[in-house]
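With chain A's structure known, arrange chain B on it following the hints.
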Amino acid sequence: MKTLRIGSGAGYSGDRIEPAVELAEKGDLDYLVFECLAERTIALAQQARLSDPEAGFDPLLSERMRRVLPFVGRGREVGQRRLRLISNMGAANPLAAAREVRRIAVELGLHGLKVAAVTGDDVLAILKASPEQMLDNGATIASLGDRLISANAYLGAEGIVEALEADADVVITGRVADPSLFLAPQLFEFGWAADDWTRLGRGTLIGHLLECAGQITGGYFADPGVKEVPNLARLGFPLAEVDAEGRAVISKVDGSGGRINTATCTEQMIYEVHDPAAYLTPDVTADFSGVSFHPVATDEVRAEGADGRSRPGTLKVSVGYLDGWIGEGQISYGGPGALARAQLARNVVLERLQLTGVAFDDVRAELIGVDALHGGALGSRAAAEPWEVRLRVAARCSDKAEAVRIGNEVETLYTNGPYGGGGATKGVRQVVAVASLLMPRDAIKAQVHLEDAS
Amino acid sequence: MSTVKLRELAHSRTGDKGDTSNISVIAFKSEDYPRLVHALTAERVAEHFAELLGDDALRVLRYELPKVGALNFVLPGILKGGVTRSLALDAHGKALGAALLDIDV
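Chains A and B supply the protein sequences, listed in that same order. Letter by letter, the first sequence follows residues 1 to 454 of the numbering used here. Letter by letter, the second sequence follows residues 1 to 105 of the numbering used here.
Treat each hint with caution, since some may be false.
[Stated by the list, open to error] Within a straight-line C-alpha distance of at most 25 Å, the following computed PhoX-like cross-link-like pairs (lysine-lysine) qualify:
id, chain 1, residue 1, chain 2, residue 2
1, B, Lys94, A, Lys316
2, A, Lys426, B, Lys94
3, A, Lys445, A, Lys128
4, B, Lys67, B, Lys29
5, A, Lys227, B, Lys94
6, B, Lys80, A, Lys400
7, A, Lys316, B, Lys5
8, B, Lys29, A, Lys227
9, B, Lys5, A, Lys227
10, A, Lys316, B, Lys17
11, B, Lys29, B, Lys80
12, A, Lys128, A, Lys316
13, B, Lys80, B, Lys67
14, B, Lys5, B, Lys94
Bear in mind the hints are in silico, worked out from the structure with no lab data behind them.
Next comes chain A alone, as it looks inside the complex (with noise of 0.2 Å):
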């Protein structure tokens, strides 16, 4: 029976690449696939695209492309699985990434490789256009006004799925959703219907397992002590060997680092994951509620039991969008007594900032080491005094010039503050925020430019 070799070469935009190069060179894989966008990385590369037309797109396409595109088509000639790509690193600029791709094929010395990019996602013309509309967070788009920068609608497999009939080597995307970019090759090699609601719940299953790349493999798991993986320097990413019914065997290659067991796959299952039997995509409502992980051998574990239902009739749409600035400000305290003079310094802070007429809309000073990550009741549960502790003061402004005061006034303690204050740092960011909403679907088309072959 045919099966399909999927990897996974990156689960966010700076992840690490070697583990990608040894999938591309050691997993005897169809299809390599790099997961590069947050929430906010389309809006912040829309601002990059503003300053420069051939840009927006991920800051290390070039490199991973250098890096794997040798492998790419490889086992064709060979009659062996043939290589392909299929990434979102396109961004706020999939045509511009497609020619950069091309131009490193060029550069390379590898001809005829077909590379396709995916647009369609960009919906900003078409919310500008109705601008009464209203996001999850309760402003309307007119409302936004000129901080408006970006924004996007999610897709789904559709778009990838045409250019791999039209047999693009390498397939460049804006927004997709992120298990959708792995259920493509799935629906293409396989055939299924778009309506096959089973099979692609268990195809996006598969998809969302790989989506954070190491993720699944050990990463983000190790508590030593609790809970051990090898080799975490040596990280390695997944691959998912599936069949046409969606049945699918995750594992990694032989000889990198980390570990794959039932109790990884189950921690990758449910992340970002809120109703398990509802898991909502562009291409189907998948339900993983009745999904159960079985051991093959060692680092190899079988996903069986995803279902699915009817698709939304909305797509999801990222709005992002100006903010204010955040200012900050850091300094540290240690030894005997550094707890309460942290807390001083605090104290000194708030009451500066008050003084001095800083205009802000909110403020947060915490501690680290005792109380920013999780408040002062359970940060109050640590059995002594911590050595040392570090002030942290930070501050929403609309203005950038009042921001910029906040670190200010965290450095003053040098020289006016409690005794003892080293290692201060300050800042200052704009802020682009994320909100969503929802549109038809059928207001949204995904189309697939086709770069010449070289």
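Then chain B, alone, in the frame of chain A:
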């Protein structure tokens, strides 16, 4: 049955979407799953994170996944504005699950 810390019976992973966090709690041994179902109600978890949830404490939801011996807690509002606007050091709330493992069951 004696009281133990959840960390002895289960492991956990935290995910984020907007300003909502989800925290899985997965039994190391399937025979301990019923104990988790009994002890770890949505109310218990809301109480554990009361300071962080504030008025959102009543919105905590729990889903059961008996086939993998897991519970999934969904905590809307706990990320206060979400990763893009939050002033918190850990804007994603990635470290929240580790705090839940200190709860007594």
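Hint by hint, here is what the structure shows:
1. B:Lys94 / A:Lys316: Holds, at about 24 Å.
2. A:Lys426 / B:Lys94: 24 Å, holds
3. A:Lys445 / A:Lys128: 17 Å, holds
4. B:Lys67 / B:Lys29: 12 Å, holds
5. A:Lys227 / B:Lys94: 18 Å, holds
6. B:Lys80 / A:Lys400: Holds, at about 22 Å.
7. A:Lys316 / B:Lys5: 40 Å, violated
8. B:Lys29 / A:Lys227: Cα-Cα ~13 Å, so holds.
9. B:Lys5 / A:Lys227: Given that 25 Å is the threshold and the Cα spacing comes to 16 Å, the pair holds.
10. A:Lys316 / B:Lys17: 13 Å, holds
11. B:Lys29 / B:Lys80: Given pair Lys29 (chain B), Lys80 (chain B) is violated - Cα atoms ~34 Å apart, limit 25 Å.
12. A:Lys128 / A:Lys316: 16 Å, holds
13. B:Lys80 / B:Lys67: 33 Å, violated
14. B:Lys5 / B:Lys94: Roughly 20 Å between the alpha carbons, so the hint for Lys5 (chain B) and Lys94 (chain B) holds.
Consistency with the previously given hints fails for numbers 7, 11 and 13, ordered from lowest to highest.
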